[in-house]
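Asks: So the sequences go chain by chain: X and A.
Residues in the first sequence are numbered consecutively from 1, following the working numbering.
Residues in the second sequence are numbered consecutively from 1, following the working numbering.
Treat the hints as calculated values from the structure; they're not laboratory data.
What you are looking at is a predicted structure, and each value in this text was computed from that prediction instead of being measured.
Check each hint, because a few of them may be wrong.
As the list claims (entries may be wrong) - Straight-line C-alpha distance at most 20 Å; calculated DMTMM-like pairs for lysine to aspartate or glutamate:
hint, chain 1, residue 1, chain 2, residue 2
1, A, K254, X, D175
2, A, K82, X, E178
3, A, K87, X, D196
4, A, K82, A, E133
5, A, K48, A, E114
6, X, K45, A, E281
7, X, K174, A, E133
8, X, K174, A, E83
9, X, K173, A, D182
10, X, K45, A, E114
11, X, K45, A, D81
12, X, K112, A, D267
13, X, K155, X, D196
14, X, K32, A, E281
15, X, K174, A, E281
16, X, K32, A, D81
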Amino acid sequence: MRWNNPPVAFVSSTRLAVFFASLAPLILLVHKGLGDALGANPIEKITRTTGWWTLFFLAVTLAVTPARKLAGWPWLGRLRRMLGLFAFFYGLLHFLTYFVLDQFFDWMSIGKDIVKRPYITIGFTAFVLLIPLAATSTDGMIRRLGGKGWRRLHKLVYIIAGAGVLHFAWLVKKDITEPLIFGFAVAALLGWRAVDGLRNARRPALDPTAPLVRARGRPSPPGS
Amino acid sequence: MLIKKASDIRPSEITPSEVFRDRRRWLQLAAGASALALLPRGVAAADKFADLKPGAYRIDEKLTPYESVTTYNNFYEFGTDKEDPAKRAGSLRTRPWAVVVDGAVGKPRTFAIEEILKMAPLEERIYRLRCVEAWSMVVPWVGFPLAELLKRVEPTGSAKFVEFTTLLDPTQMPGQRGTVLDWPYREGLRIDEAMHPLTLLTVGLYGEVLPNQNGAPIRIVVPWKYGFKSAKSIVRIRLTETQPETTWNLAGPKEYGFYSNVNPDVDHPRWSQAKERRIGEFFKRPTLPFNGYAEQVAQLYAGMDLQRYF
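Same shape as in the complex, but just chain A (with noise of 0.2 Å):
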């Protein structure tokens, strides 16, 4: 395993802020005045989140530099092209915005998502992230571990799974006016999955707040399974007795499955999840089991099948 210790990564290493800064200010520039106009404060450039602790998951590659993460992306509530979140996604409002937390709790509530921002330290994590579509990056994610929200809420003994909810609004999200899914998106995950320290709960990347077209203003991230399990821009997180229907897998239930761990040795049925090509990377590289995460994560998954529950 490659995980580095917070000190170990010299901030130097780290993307000077100015550079990605500078390119974001000339993709403004370009879209035009009145966009600039229009952009909510939410993802002005300036904001930058002060008081960021290294957190305890950084690996130690190269990371995937912020254009390409923050224009290449899969949201299809603002198109199926990967270039349409970045084109699109400035009509999402990000504030005001709350996540209501139900189900199976103790105290259900609603957070407004000034509170989620401070309820525990935001810390800097670098993670890969790996899409079922077989390429990967490494981003520097702002956030905390779920369990954190979770425990707030006092889950019961009977609650067994947590599902996640996309916002579902067609005016701000214009891919939700297609049927390409069925909205909103809903992705959900075991609790002991979701109780797991590696489960983020995600407000940035690079140092600032999560742009929109990578799920703002809340996401989660979940590093040892495929990308489409992370659900973006979420509104309701809700603990459930039985398996939660996710999107994808309703979509293609042979093809997306509920746990959808990376597994190199489980093809998705179309294409080989074997190999991966790292943005920014000629050659592909090997696929990790866990996306590399197996160290922390196997031990979730003893005994099963993997073939099965894939």
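So that you can see chain X by itself, here it is in the shape it has in the complex (with noise of 0.2 Å):
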């Protein structure tokens, strides 16, 4: 097989395999709350543990143009859209677990803690700013825009993970170990871009891997 043009069935299965792993952290969640194994505060480590995985998913996203480049396997771009949309489907996870679950609705006191607690504050942020980005992330709203509109846009995530890195750091009691091992990953991700960035725009001409042709006629999201 040539890794960098594989057969369509191989990278259908990949996003098959991809799909129900991503949804594995949920399943396994669910799992342990009915069997009444989420310990002494199920509240607690839901809330941590969709955070958690929002954090996961966002690095991973961030992960996929830096691989897709560096490997030369154009085809990884297309798990791109579906790992985006698992950060945020935990990430939405995780906001109504601190809303239904955490405060049950009382207004009042979420709207105190948006307004008071710094780390509240930019993780409900960087929860806010993901809405439009998954909103966007149909073939036919990526059209609408323009690949350049899109890929405006789609920079936030950039904001948005590091915001959500600073909202696990400003959270944890003492121990920031996992904090600052989500924020080298991000801050790797983000450099790499940046390096990529400055070098293509040397030598634009010897650029290997501008726009991203798509088989099937899609509109193309490229760019990091």
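Using the hints, put the two chains back together into the complex; each one sits in its own frame.
Replies: This is the structure we're talking about:
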């Protein structure tokens, strides 16, 4: 098999496998919940788990483009939308856990939290910013926005990932090991883009990765 | 105040020991035969206190299940996850154990744990426990007032504070290999707080020897303060003339004050302290000033600005 251009069936089954693997954290959480195995403080556990996976999927989504370019496997780009939508999906679950399970629609308390608690302010902001990205993930919306506009809008994900890491770092009591790991990962992925951008600007004619041609005539949202 | 007299609580209201014991046995079995063999005698399930007196301070609230009390712990010496202490505290050796009591005292002494256990009648007290992280429990502790021990070393007139130090031994406490806190863990009280009858020198919970993850073999419990004030696995108690440095205060002076009295009106800089989630309950409940012990302790702080001395 040529890894840079595998058969369509391979790409489809990879997408399917990634889809189910991405659902696994939720399935495991529900399974533990039904089995009363979420520990003494289940709401905290659900909040932490959904938040962790949101950051995980944000980082993995940001890793797609560097991986695609470094490996020279253009088809990896076809996983990106799904991974990004999973980041939104877990972020939504995280937000709903806070809103419903933790605060139980206590609007006053939620409002105060958002205004007074920087880690909630920034986490809430990051979630709100994810909404337009999820909403413009369809082919139709990409076409409507045009490649350039779509790309510009979706650069928001850089801010969202940074905000997500800060949100995590600001909420832990003392042990910032995990926020730091996410922080380094996101910094590396964004740093790679900066370097890559500079290199391309210097010798645009030699850029081997310029617009990704889509097999099924899809509008392409390439870029980084 | 809902403090019940000893006679008001029927023995039937307390979770039967067979129930939690059985769960415990399962946990130990699951941990495997080898781990079971390594468990110090001090935590074997057979160690139940024989002649416990129901103490004077027993709140009339539903007890937090034994399993939650012993698997959801902040004890960074064994890791920063709540589940870590229950999983990893097996490496703590609680015998032999001694506590040095010195500083501004007439008769400094080292007490063997066996001696402490016989020093005063052990009583069972049911206290609220409020964590600074906004969750709470109700725990039946076993112990006697710290004042009983302090009296025996005769604090001098210049003793104003009491410092508690936790064991420092990274081989037994793997969390101490990291630098998340400035080890050893130190906490402190003003002398009048330490001598207050509510301040409990604690050696057990649920009628049995303190499990390692809850601060075996000896800890204090100060029920009107956030949980971190109650030092665990204590090896030294030192009376001082000046306010001792305390671990969490060093880690975050703006977030963790020396007093750290439970106070719904003074928020943690990063989160509200107005409400708490009682472990096992869905809805949050309002946090009470001094964790519901205002009647007993508020006068200790008469005239103090509690916003400033948080």
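Asks: All hints, please: hold or fail.
Replies: Here's how the hints hold up against the structure:
Taken as a hint, the K254/A and D175/X pair is honoured in the structure, with Cα atoms around 17 Å apart against an allowance of 20 Å. Distance hint between K82/A and E178/X is fulfilled; the C-alpha atoms sit about 15 Å from each other, no more than 20 Å. For the given pair, K87/A sits about 46 Å from D196/X by alpha-carbon distance, which is inconsistent with the 20 Å threshold. For the hint linking K82/A to E133/A, the alpha-carbon distance of about 12 Å falls within 20 Å, and the restraint holds.
Straight-line distance between C-alpha atoms of K48/A and E114/A comes to about 15 Å, which keeps the hinted pair within the 20 Å bound. At roughly 14 Å between alpha-carbon atoms, K45/X and E281/A fall within 20 Å of each other, so this suggested pair holds. Taking the CA atoms of K174/X and E133/A, the gap is near 12 Å; set against the 20 Å cutoff, the hint holds. A C-alpha spacing of about 16 Å is found between K174/X and E83/A, which places the hinted pair at or below 20 Å, so the restraint holds.
Pair hint K173/X plus D182/A holds up; C-alpha atoms about 14 Å apart against a cutoff of 20 Å. Between K45/X and E114/A the CA atoms are separated by roughly 39 Å; this puts the pair beyond 20 Å, and the hint is violated. Restraint check for K45/X and D81/A: satisfied, since their Cα atoms lie roughly 11 Å apart, inside the 20 Å limit. With a C-alpha separation of about 12 Å, the suggested pair K112/X and D267/A falls inside the 20 Å cut-off, and the hint holds.
For the proposed pair K155/X and D196/X, the alpha carbon gap of about 15 Å is at most 20 Å, so the pair holds. Taking the CA atoms of K32/X and E281/A, the gap is about 18 Å. The hint holds against a cut of 20 Å. Annotation: proposed proximity of K174/X to E281/A is violated, straight-line Cα distance about 26 Å (limit 20 Å). A distance of roughly 18 Å separates the Cα atoms of K32/X and D81/A; the hinted pair therefore holds under the 20 Å criterion.
Of the numbered hints stated above, those contradicted by the structure are hints 3, 10, 15, listed in ascending order.
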